[in-house]
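Colleague: Sequence:
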Amino acid sequence: MTTEPAPAPVPTSTSTSRVPLYLAAGIGLVVGALVVGLLWLTVGGSDDDAIGGGGSAPITAPAKVGEYQRFAEVPGNASGPGKATAERMSAWDSQTAQRISTAYDGAAATVQTYAKADLSVIFQVQVVRANAPGLYVPYQDPKTLGLAEPQQDVKTFGAVQCIVHVQARAAESESPTQVVATDCQRTGGGLTVRVPTAGGTLGEHPDQVAAVVDEVFTAIR
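Numbering of the sequence shown is given in the numbering used here, commencing with residue 2 and proceeding in unit increments.
Heads up, some of the hints might be wrong.
[To be verified] Between beta-carbon pairs, the in silico distance windows are:
{"hint": "1", "residue 1": "Arg100", "residue 2": "Gly77", "range": "23 to 31 angstroms"}
{"hint": "2", "residue 1": "Thr145", "residue 2": "Thr198", "range": "39 to 47 angstroms"}
{"hint": "3", "residue 1": "Pro134", "residue 2": "Thr178", "range": "39 to 47 angstroms"}
{"hint": "4", "residue 1": "Ala104", "residue 2": "Thr157", "range": "22 to 30 angstroms"}
{"hint": "5", "residue 1": "Ala79", "residue 2": "Tyr140", "range": "20 to 28 angstroms"}
[Stated by the list, open to error] Derived lysine to aspartate or glutamate pairs resembling DMTMM-like cross-links, with alpha carbons at most 25 angstroms apart:
{"hint": "6", "residue 1": "Lys117", "residue 2": "Asp184"}
{"hint": "7", "residue 1": "Lys84", "residue 2": "Asp215"}
{"hint": "8", "residue 1": "Lys144", "residue 2": "Asp215"}
Calculated from the structure, these hints are not laboratory results. We put the CB at the ideal spot given by N, CA and C, even for glycine.
Assemble the whole structure, with the sequences as input and the hints as a guide.
Modeller: Here you go:
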């Protein structure tokens, strides 16, 4: 007498619909990432306050900023050695603009050197369609150094920040403080304007350098 083999068990509906735990977790992660990505595109992707790469729209620096004009357009630079110097400065400005653009992931950038008519003041303006971090200086304790104030500080003039170098003077000195603006910047809304240095007497007046930055920012904005 032979024994019939037992029929194979019929899978229940529960076993056929069960998804392995690791697969379910993977699906959840993918869906979550898609949701976060969509939220970033619709909410955070256009944040004008983000640091880094920005817009690609061309930038044209103003022909004049207050009493200062483009270096190449100063009357003394129309011919002779002055013209050669102006052409060299323009080439260097273009190279600097390319480096700024590269540093900001391809954002549009321009660099323009300005000067007073008598060339007693010369400075460079750097512009990039991107936001930049705020300015800062290393910490110093003036008391430990026996000074009246830190040798470097960040001063704010409206929306403009300036790194100001303070001439060292003893804590007990009553002589007036002499300062030089070594870097001024305004950033926000996907645009940054910077004057890294200001030659001549302009640098001795950080508020005036800040006014230059403000004027360029407003003209381009």
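Colleague: Hint by hint, note whether the structure agrees.
Modeller: Going through the hints against the structure:
no.: 1; hint: Arg100 <-> Gly77: 23 to 31 angstroms; in the structure: 29 angstroms, holds
no.: 2; hint: Thr145 <-> Thr198: 39 to 47 angstroms; in the structure: 29 angstroms, violated
no.: 3; hint: Pro134 <-> Thr178: 39 to 47 angstroms; in the structure: 27 angstroms, violated
no.: 4; hint: Ala104 <-> Thr157: 22 to 30 angstroms; in the structure: 24 angstroms, holds
no.: 5; hint: Ala79 <-> Tyr140: 20 to 28 angstroms; in the structure: 48 angstroms, violated
no.: 6; hint: Lys117 <-> Asp184; in the structure: 19 angstroms, holds
no.: 7; hint: Lys84 <-> Asp215; in the structure: 29 angstroms, violated
no.: 8; hint: Lys144 <-> Asp215; in the structure: 35 angstroms, violated
The structure shown violates the earlier hints numbered 2, 3, 5, 7, 8.
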